[in-house]
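Based on these hints, arrange chains B, C, D, E, F, G and H on the given structure of chain A.
Protein chains in written order, with the numbering used here: chain A, 1 to 249; chain B, 1 to 249; chain C, 1 to 249; chain D, 1 to 249; chain E, 1 to 249; chain F, 1 to 249; chain G, 1 to 249; chain H, 1 to 249.
To be clear, the hints were calculated from the coordinates, so they are not data collected in a lab.
Be aware that a few hints might be false.
Said to hold, decoys possible - Taking lysine-lysine pairs in the DSS-like style, the calculated list, with each CA pair at most 27 Å apart, reads:
1. D:Lys5 / E:Lys10
2. B:Lys117 / A:Lys115
3. A:Lys57 / A:Lys110
4. D:Lys90 / D:Lys110
5. F:Lys10 / H:Lys12
6. A:Lys57 / A:Lys91
7. C:Lys162 / A:Lys10
8. E:Lys5 / C:Lys162
9. F:Lys57 / F:Lys91
10. B:Lys90 / B:Lys57
11. F:Lys10 / H:Lys10
12. G:Lys90 / E:Lys162
13. E:Lys162 / H:Lys57
14. G:Lys10 / B:Lys10
15. G:Lys12 / B:Lys5
16. D:Lys5 / F:Lys162
17. E:Lys115 / F:Lys117
18. G:Lys117 / H:Lys115
19. F:Lys162 / C:Lys162
20. G:Lys57 / G:Lys90
21. D:Lys162 / A:Lys57
22. H:Lys162 / G:Lys5
23. F:Lys5 / H:Lys12
24. H:Lys90 / H:Lys110
25. F:Lys117 / E:Lys117
26. E:Lys162 / D:Lys12
27. D:Lys57 / D:Lys68
Said to hold, decoys possible - Pair by pair, the computed Cβ-Cβ distance ranges are:
28. E:Gly74 / H:Gly74: 49 to 59 Å
29. G:Tyr144 / F:Asn13: 53 to 63 Å
30. H:Phe53 / F:Asn13: 50 to 60 Å
31. E:Lys110 / D:Glu15: 35 to 45 Å
Every residue gets a Cβ at the ideal spot worked out from N, C-alpha and C, and that includes glycine.
There are 8 protein chains.
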Amino acid sequence: MDDLKELLVKVKNGEISVEEAESVLKAAPFTDMGFAKLDTHRKMRSGFPEVVFCPGKADEFLVSIFIKLMEEDGRVLGTRGCEHQYELLKKEIPDVTFDPVSGIIKADRKPMELKGKVAVCCAGTADLPVAEEASQVAEYFGTYVERVFDVGVSGIHRLLSKTEVLQSANCIVAIAGMEGALASVIGGMVSAPVIAVPTSVGYGASFGGLSALLTMINSCSNGVSVVNIDNGFGAGYIATQINRLALRE
Amino acid sequence: MDDLKELLVKVKNGEISVEEAESVLKAAPFTDMGFAKLDTHRKMRSGFPEVVFCPGKADEFLVSIFIKLMEEDGRVLGTRGCEHQYELLKKEIPDVTFDPVSGIIKADRKPMELKGKVAVCCAGTADLPVAEEASQVAEYFGTYVERVFDVGVSGIHRLLSKTEVLQSANCIVAIAGMEGALASVIGGMVSAPVIAVPTSVGYGASFGGLSALLTMINSCSNGVSVVNIDNGFGAGYIATQINRLALRE
Amino acid sequence: MDDLKELLVKVKNGEISVEEAESVLKAAPFTDMGFAKLDTHRKMRSGFPEVVFCPGKADEFLVSIFIKLMEEDGRVLGTRGCEHQYELLKKEIPDVTFDPVSGIIKADRKPMELKGKVAVCCAGTADLPVAEEASQVAEYFGTYVERVFDVGVSGIHRLLSKTEVLQSANCIVAIAGMEGALASVIGGMVSAPVIAVPTSVGYGASFGGLSALLTMINSCSNGVSVVNIDNGFGAGYIATQINRLALRE
Amino acid sequence: MDDLKELLVKVKNGEISVEEAESVLKAAPFTDMGFAKLDTHRKMRSGFPEVVFCPGKADEFLVSIFIKLMEEDGRVLGTRGCEHQYELLKKEIPDVTFDPVSGIIKADRKPMELKGKVAVCCAGTADLPVAEEASQVAEYFGTYVERVFDVGVSGIHRLLSKTEVLQSANCIVAIAGMEGALASVIGGMVSAPVIAVPTSVGYGASFGGLSALLTMINSCSNGVSVVNIDNGFGAGYIATQINRLALRE
Amino acid sequence: MDDLKELLVKVKNGEISVEEAESVLKAAPFTDMGFAKLDTHRKMRSGFPEVVFCPGKADEFLVSIFIKLMEEDGRVLGTRGCEHQYELLKKEIPDVTFDPVSGIIKADRKPMELKGKVAVCCAGTADLPVAEEASQVAEYFGTYVERVFDVGVSGIHRLLSKTEVLQSANCIVAIAGMEGALASVIGGMVSAPVIAVPTSVGYGASFGGLSALLTMINSCSNGVSVVNIDNGFGAGYIATQINRLALRE
Amino acid sequence: MDDLKELLVKVKNGEISVEEAESVLKAAPFTDMGFAKLDTHRKMRSGFPEVVFCPGKADEFLVSIFIKLMEEDGRVLGTRGCEHQYELLKKEIPDVTFDPVSGIIKADRKPMELKGKVAVCCAGTADLPVAEEASQVAEYFGTYVERVFDVGVSGIHRLLSKTEVLQSANCIVAIAGMEGALASVIGGMVSAPVIAVPTSVGYGASFGGLSALLTMINSCSNGVSVVNIDNGFGAGYIATQINRLALRE
Amino acid sequence: MDDLKELLVKVKNGEISVEEAESVLKAAPFTDMGFAKLDTHRKMRSGFPEVVFCPGKADEFLVSIFIKLMEEDGRVLGTRGCEHQYELLKKEIPDVTFDPVSGIIKADRKPMELKGKVAVCCAGTADLPVAEEASQVAEYFGTYVERVFDVGVSGIHRLLSKTEVLQSANCIVAIAGMEGALASVIGGMVSAPVIAVPTSVGYGASFGGLSALLTMINSCSNGVSVVNIDNGFGAGYIATQINRLALRE
Amino acid sequence: MDDLKELLVKVKNGEISVEEAESVLKAAPFTDMGFAKLDTHRKMRSGFPEVVFCPGKADEFLVSIFIKLMEEDGRVLGTRGCEHQYELLKKEIPDVTFDPVSGIIKADRKPMELKGKVAVCCAGTADLPVAEEASQVAEYFGTYVERVFDVGVSGIHRLLSKTEVLQSANCIVAIAGMEGALASVIGGMVSAPVIAVPTSVGYGASFGGLSALLTMINSCSNGVSVVNIDNGFGAGYIATQINRLALRE
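The following block holds chain A by itself, in its conformation from the complex (with noise of 0.2 Å):
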């Protein structure tokens, strides 16, 4: 039911009777009241089609949900999937590609326009597949992407030559094991948005990540908010929803 207050008119009309109106309100209050149309009308207006996080599904279970989002959709996109997930998906979907670096597999008949700018950087080449998953989720999004990869502190001025690229990015994408000091170096040097992504690039006293997540939360610039260890996913959602707003999309 689209219109409460076609169901009120009909109630009036005596088109249905009270009871079955009472009955459809209570039944499904939250597809019917505002804040539950919410749902199914954030996906519509927000333009961010279903994302596949392949690890852990089944194998009938990945096929058929890949399958149901192309022919709705006309695209999909799984993260961290396998090799063995790919030769899966390939015989059902023969266009579809798989990057070993990010784990993404992917296939898009309907690929979004590039728009804005969002700048990706990362910290050393291990940070690759956290980049590259950030990076073509944003694209995937309708994102344009500038990738400054290997960009570590431990080598400033690497960082600085890309000064240009940063500061007229809408966001800001910050990628780093290890320390993670890449967040506030960046976060010092523009006045958009860092989104600080740790990863668990690193060991010993690393922690699987946490030395860089608390690096990232601790960071003494403005503008540095943090995802979870190794979110890729996540950063390219969040630049994106911010390079919207920069657009007026």
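Relative to the frame of chain A, chains B, C, D, E, F, G and H by itself:
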């Protein structure tokens, strides 16, 4: 020196010697060359006036900063101030005010026009100090703020009744201590970015806000990024950054 | 509005316009529709009067809450109060009492009849504040409580001598600091649910109750669930919930 | 010896010597005296049949336990079993079944009648193994279970649409990983006790379920107590204890 | 009742009825039967007089315990007392003494003969409070103690010059804060058991003694076991247990 | 050089030059002077034969150690060995045996007489590997061991029925994982020292044994000291040290 | 461009246009201006050839780096390599060698002269991989290394017998796992700086090296600073830096 | 005894008896033999005068240490002193001075000549106490110090403008709280060793300096080693050790 070209023209014309030019370029590379401008320029361009972090500042030092900023900008704001600091400052700046809830000490002869919309939400009344810090800082920076307080998830209808406010904001600040679940629920209700602020409200296994911090970093909702425990200032700052992008400022 | 049906009948009869009905339904979906009733109704139906958490409450605010609840319910209970707050409240509510051990401030002109049986156990005398908070809160809610105090596992016969009391209770609250082993031993002695409360009693590697919390969460006995460190109120509340279920209330 | 009185009568009558009686009393105080009976009696009285924790059990040992319980009770249930163990057991107990989702291996020729009502809720599909363990264990113990799955707080309307089911249960089991906010939201919706189960679902800063555990222990909702990470069995057990109390069993 | 046999004889002789005997045995199984005697008997047999943990004890309560123990045993010792408590106790027990370093408050009209040998070692002068607590507690229990203080591993010769003392002891107590390396070095020098006591001495990453605790638990030397942070009493107790075993007491 | 005096006499008599004597004294101070003797002497005097920690040892290296110790002592014991290592060793030492539960690989042609008494207790069957390691190590060192297995506190009567065994031992080893409460209960039942061994048995919030470790370190019972997680060897070693002291060996 | 002056002279002489000069200066400020030279210059000046961190490198990538460095420098060293990588590299660089203990893969046709003195100490044989990494890296950088292995503090005389070697070194690297006490003892024996390397050797509460890390950070000896867990490379690098300073290189 | 040879000559000449010589050698092996000399000699040779750690020292004790050192050395320095201690000391040593920022209490009638160069850097003004402690301690030990304060990475140009100072130092001390990124950036700019000092500056998830400590231990830059949180003294000490090596002292 504002203009590299101008300098080079002078070298060419012999208005200054090669040695002088060399020494200017060497002595002040950070003032002159691109990236170095960022600091001075960023402040000017960004429209973010300086904010004073009051705790631990020596009395005379605090007073002199306030006076200097007041003279330069006609306005000044300090965070986490105390009654004692307020008394000191009132002697020098009679129109200074103090909000004991948020600890904000402020004098503002040139208040900015409030634009756009940011929603600042908090879970309980104990989170008010952080929520007011975030709100007043954002307002000081020219952001229109809607306060949505005391909407903790243990009475979910309170939050749901504010759906419309949340959905119309360019950015939502979600502040909560204890288990910090507020951010995830809000993240599922809106399409704008959510800045989550864990607070140190709680006892026992809240471990000074660590519990809420972990909750928020692990949020199952898209669009949630996190700042440090009790960092209302940081959230107000980032929310303003995003609000300005949405306003194309 | 108490009755959805009534509203629809009025719509049908033309007593109110479709627009009016629509606005009522939209404006107050949480008051009117099922789930939203939970809040108001739950309080009424559950028989759990509101309890005031005293720490950090401003003086006037605390006094006004107590007066308001006293007027409405003829009874009021505050947890973790202090001498100062008691003195304040006594001026307004002469029959208020204060228990310095548990920190409970209470006035109760309509005490509930105590029914069923809950056993509140604690390991040592240092756990008494939490044990009394749990006991008195449960009693305030109408639960008959048997206190089984100072039965720490370092003298296991003390606990065993209370076997009969423990086995006859509908729910057992097990309170202990330091190593927190009490809950597991009790869990093995009874067939009713055990609510375990770690306390911050201890020093050194007790880490403010973390040690006892981990002990209890890892209990090798069936039937043990855990609340926050020092959360006597929570345990008294849950024990009452279970006791009422057992009483078919 | 079943009867203390009988022994004393024999002493009185000289049927056994004082020394013999003394030695019987000293040698077997735990079998004979009150508290010691608790063990054997508890099992009988409580109606909780023994459940086998399968991981790490040697093959022959596992098979022999299953056969023994099958012979004694006509039913047996093992938790966290694997395909290999199932294959082994099927050879001996042909009607044994295996649920790969929950890891439950079961043979039940005398299933109990399902009574009362417990709602088992989980946040996401990745929490299903724990949710099914809790559900099937409770059912094995004779509890009627309503499954309310995939109702994570990032889409709050899904949970709200189940309000009626939740409010009609004697106990609610709330299972969630990542940020674990589900328990608090449910705690605010119902008047029955909520048993919260953190799961190890998540990555990065979820630290194997620690994040969800802290969230649940710090719940701002009344009536929430917590069991160990992934402890579906424990939750099903406690829910059954409470359900039985409500049924006056 | 002191004697089970006596009771049975009375039953046999008809001096008490079977019912009376049954009720005595049932009512007081823990006093009468084997394991229950352990408590009363252990105190008697072990020769460990009760020791009072002073912190947090209410004034009147503390005074009454001291008086009671003084009357019963002619001696009393309290740990972690303060000046204020000492002043209170001196009014009632004039010969009570107070050692401000260890916080031990003591009156001892029947001091035990000091036998055997225990070496109490500490790393620095800041560890003295714990070292004196251990030493004086052991002496109160009748153990001959050699103090080997200020022998931290940063000047290893200081410790080595005490080799003979260490090697002649029945048990060595090794007390250290900061990095806590003392226990391992001593463990390699002697063949008797070493009781390691981490202290909260240190700052920064000593985390209140956690660092020293982990060091000692991970000791690469054989024969080292560990008690809680700052637990001088516990170490003095265990050292006495071992010393007595060596003395065949 | 065995005799300092002899050397000095030779100097006096001119049998060796001053320079030679000086060089002997300087070159070998650790062999000659008191403290240095400790190492060689300790091994001899203590009667603790060397024990081999098998994990990570290279195959040839392991075999050569075993052969060397076998030749020297006629006996050898390795801890935490595996099937593969056993197969290797059997080729060289035909009478070597392997206990897959404890991982102990042993050949013993000169077994020591078992004396005194140590009780090795464990909470559950999953703790058996650690309990057997402790027991067999102690036996290898000549200690008479009573095994008291599967006496976890969730069925407290099992433990209590062993009171006599526990009370007659010179030292009790208490082994438990999960919540580790066993050590505290035993500590309250006996007057001999208790060596507590936390195990990594458990899941979720047991954090690999940390929970049991904290429980044991915070024990409310006197006489409990703790070794590293799963350190059965260490407990067997210390128990032997104490047992020998009690035997005046 | 190597020479700022040269550029300015060209501008003056009209050999290049102002615009060209401006673009050179803007495009490459980091190459040209002071601080930026640091990167290229530092490598040249410092004499630290690049070192390859092997783990996670793709096969082709690894091979190409090795070949490139071999061509440029005539030498190359990789850390933490594995058998498989060695096999690959040997096909291209026949004189490459592999040390399975340290994981170092190396080819060195122009080995540096070994100068000065650094002592690399480790506590046990299990620390050898880290100790060899530190030693061989320092040697590759031209440092003369004395290996002082297996000198753990549980047999302190072993370490003391090496006093002279330690005291004659310009820098001491102290490597230890488990309780990590070695660094403190060495710190008290020498006047040169000690670089402490915690290792992940240990089990249970060593928490992957955290215990040793905390021990070393809390060292009571002066002159001890710490690098990451297992970071032998880092220690070898810093020891070389200090050794070179001492050699006035 | 200063001379072993002298003693032996006396033995040879019969000037002292063999027994006397034996007793001298046995009684004082640590004073006489090699390693034992290290302690006395190290102090003399190293030129590191003793430094007093003031916190927790009893008043009389502190005064007596200061007087003794003043008499012996003509100079004395205490760290982390307070106003009260300064007042006490001034009564006895009139030329004593107190720096309230660093807490250093000092009297120095024989100041050392300042040589070499060490750069002490700190991120913010809140790190000044630690930075001044490091600087003044190094100066007291005769090191020439360049202070490079307030160069946090959130305004990277401030640090870069000091490149020349940093590159000309023999050792750099990098002091920072919050996220502690300073050390990594400096490590990438210089070829000398960097001693990193985490500070407890920060709030929330800085956890008293733990965040900065982890950042620095995980530094991606070569040449960075770390001391304890707030350990300015330690950094000043090590920097002096390195500076002296560079000066060939």
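Here is what the structure says about each hint:
no.: 1; hint: D:Lys5 / E:Lys10; verdict: 15 Å, holds
no.: 2; hint: B:Lys117 / A:Lys115; verdict: 24 Å, holds
no.: 3; hint: A:Lys57 / A:Lys110; verdict: 25 Å, holds
no.: 4; hint: D:Lys90 / D:Lys110; verdict: 18 Å, holds
no.: 5; hint: F:Lys10 / H:Lys12; verdict: 9 Å, holds
no.: 6; hint: A:Lys57 / A:Lys91; verdict: 17 Å, holds
no.: 7; hint: C:Lys162 / A:Lys10; verdict: 67 Å, violated
no.: 8; hint: E:Lys5 / C:Lys162; verdict: 25 Å, holds
no.: 9; hint: F:Lys57 / F:Lys91; verdict: 17 Å, holds
no.: 10; hint: B:Lys90 / B:Lys57; verdict: 16 Å, holds
no.: 11; hint: F:Lys10 / H:Lys10; verdict: 13 Å, holds
no.: 12; hint: G:Lys90 / E:Lys162; verdict: 56 Å, violated
no.: 13; hint: E:Lys162 / H:Lys57; verdict: 26 Å, holds
no.: 14; hint: G:Lys10 / B:Lys10; verdict: 13 Å, holds
no.: 15; hint: G:Lys12 / B:Lys5; verdict: 13 Å, holds
no.: 16; hint: D:Lys5 / F:Lys162; verdict: 25 Å, holds
no.: 17; hint: E:Lys115 / F:Lys117; verdict: 24 Å, holds
no.: 18; hint: G:Lys117 / H:Lys115; verdict: 24 Å, holds
no.: 19; hint: F:Lys162 / C:Lys162; verdict: 21 Å, holds
no.: 20; hint: G:Lys57 / G:Lys90; verdict: 16 Å, holds
no.: 21; hint: D:Lys162 / A:Lys57; verdict: 26 Å, holds
no.: 22; hint: H:Lys162 / G:Lys5; verdict: 22 Å, holds
no.: 23; hint: F:Lys5 / H:Lys12; verdict: 13 Å, holds
no.: 24; hint: H:Lys90 / H:Lys110; verdict: 18 Å, holds
no.: 25; hint: F:Lys117 / E:Lys117; verdict: 23 Å, holds
no.: 26; hint: E:Lys162 / D:Lys12; verdict: 67 Å, violated
no.: 27; hint: D:Lys57 / D:Lys68; verdict: 15 Å, holds
no.: 28; hint: E:Gly74 / H:Gly74: 49 to 59 Å; verdict: 56 Å, holds
no.: 29; hint: G:Tyr144 / F:Asn13: 53 to 63 Å; verdict: 44 Å, violated
no.: 30; hint: H:Phe53 / F:Asn13: 50 to 60 Å; verdict: 53 Å, holds
no.: 31; hint: E:Lys110 / D:Glu15: 35 to 45 Å; verdict: 50 Å, violated
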